[in-house]
Amino acid sequence: MGNNILAFAEQREGKFKKSAYEVIGAAKNITNQTGGETIALVIGSGVEGIAGELGAYGADKVIVADNDSLKYYSGELYSNIVVEEAKKNEADVILMPASSMGRDLAPRCAAITGSAVAADSIAVENSDGSIIATRPVYAGKTLIKVKSSKTPFIISLRPNVFPLPEKEEGKNAEVQKSEVSVAGDSLKAIVKEIVASASGKMDLTEASVIVSGGRGMKGPENFKILEELADVLGGVVGASRSAVDAGWMPQAQQVGQTGKVVSPQLYIACGISGAIQHLAGMSSSKCIVAINKDPEAPIFQVADYGIVGDLFEVVPALTEEVKKVVSS
Amino acid sequence: MNIVVCMKRVPDTATKIRINSDGTGIDESGIEYVINPYDEYAIEAGLQLKEKFGGEVVILTLDSSEAAPVVRNALAMGADRAVILKCDKKPVDSLSTATALAEGLKALNPDVILMGKQGVDYDNSQVGPMVGQLLGIPCVSVITKLEVSDGKAVANRQIEGGEEVVEVELPAIFTAQKGLNEPRYASLKGIMAAKKKKLDEQEAQIPEGAIEVIKMEIPPAREGGKIVGEGADAVPELVKLLQFEAKVL
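First to last, the protein sequences are chains A and B. Taking this note's numbering, I'd label the letters of the first sequence as residues 43 to 370. Taking this note's numbering, I'd label the letters of the second sequence as residues 126 to 374.
Accuracy of the hints is not assured; some may be wrong.
[To be verified] Per label pair, the in silico range of CB-to-CB distance: (1) A:Glu263 <-> B:Glu307: 22 to 30 Å; (2) A:Ala165 <-> B:Glu294: 39 to 47 Å; (3) A:Asp227 <-> B:Glu326: 41 to 49 Å; (4) B:Glu181 <-> A:Lys230: 21 to 29 Å.
Hints were generated in silico from the structure; no laboratory data involved. These numbers come from a predicted model, not from an experiment. For each residue, glycine too, the CB sits at the ideal point set by N, CA and C.
Chain A extracted, bound-state conformation (with noise of 0.2 Å):
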């Protein structure tokens, strides 16, 4: 094995990840000080003419599985296909993204090499040639560093948290195709289907801007003030867990230790008073703007601009002046 970073590039339907990129310029970062290649390893179907592209981002190589029956996502057949081609390529890391896919991912790979998984990372640096992981424990309460004393070690990162490199246009990798097979009758499991979530939005842990609502939202029909600051802002809608919890919103809007741990560029939390486990989730957005009625709400604490006042005064005047700014 070597030095080589494996760095597997998420697409859906055809389309490249934000985090496909985040991922090679973290391998890249690496790879630039070790000397060793980024390979980004592209799994679909339909997805060879996309792939050249990742070579602007920092792919020194790209390989490609291509098949019809890699068109959904298929932990039995992807992790074969990730495991195989990081030993053909001798590569001693495996980089992904930490989510709905690298999680199922990373583990399986871990099982089938013997290896381990830093799931969740947020930060990845080589010293002395170890690569160490840094990830939030307990929710981001806690963070813990860890390598690993077997290969490859697979790290899964954090969506929006790692820079995006900047694309040099023009500059096209070289394209392989796998050739790992791929036994596709004989899975175990099928993906029968894809349904869309009702709202049809951007996923919390991608988007880089989220408008939250708490108890202070008082009622499902008032979330309707937060969607047009969201839209405005070309965010996505969240909720804390006592707004889920008394149906207001839908669960896979929840924010929080027993929701999703986001790391948007900016967090506006509305009518929400700032339970631990809430702050657990959001602690790591790059800007947190808290409205609450109640000066004394823990929320403040960790915000880096309040305003004390009625939410449903201060939410309408804030998509009006944004909307102004937008415009400008």
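Given chain A's structure and the hints, the job is docking chain B onto it.
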């Protein structure tokens, strides 16, 4: 139907975490332990399957004897019996955990294995898919819906922006996400009955893991907030700050 629910006890989510003296784990003194919240959905799903198909629900956990009171809470919800795979210290490495659980599972010959999608302590969300891989059976992770019939199951797995509908043959593993069901509370009758239920302890077979903890630390606290002002009047100033100071607009 043989249903096994893998359970973990974790610090209550309201717990403030402190680091232990050697800096590689948490200080466990004074911590109150609960059933991992996601495992409660798994237990409920197991109980519902038993109500429909008969059989028994067995709780399996990898822990020290100190886990017994928390395991009894799962029995009080309605599980039939429990097995503690005994170890002095829970492994940090999820593959070690998964290997020990897989060994314990083999002896129980389950048709359906359920567990939470992740433990809210180490937040790895790895054990389910690992056990599936080790036992050579399908695993559907992060499910919000489960229908079992005729040796098959269809589960909805949460993904970004929607759900995958996945069909598997049993035996299979499912890891539960919030939304799968509404876990029941233990009734007083259930709590009394749980005291008499069988709780076995067996020595766990834990292989050495590959993960080495270098250090655990508390992340730096965020600087206390700047109150921009009160009410809607403060909005123009806030937008200016977001634009020019935080540069997020």
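- Task: Could you check the hint for me, namely that A:Ala165 and B:Glu294 are 39 to 47 Å apart, CB to CB?
- Result: holds (41 Å)
- Message: Against the range 41 to 49 Å, how does the distance between the Cβ atoms of A:Asp227 and B:Glu326 compare: consistent or not?
- Response: This hint holds: roughly 44 Å between Cβ atoms.
- Item | B:Glu181 versus A:Lys230 beta-carbon gap, inside 21 to 29 Å or not | At 25 Å between Cβs, range holds.
- Item | Verdict for A:Glu263, B:Glu307 (Cβ pair) under range 22 to 30 Å | Given range 22 to 30 Å: holds, Cβ gap about 23 Å.
Hint compliance for this structure: every hint is met.
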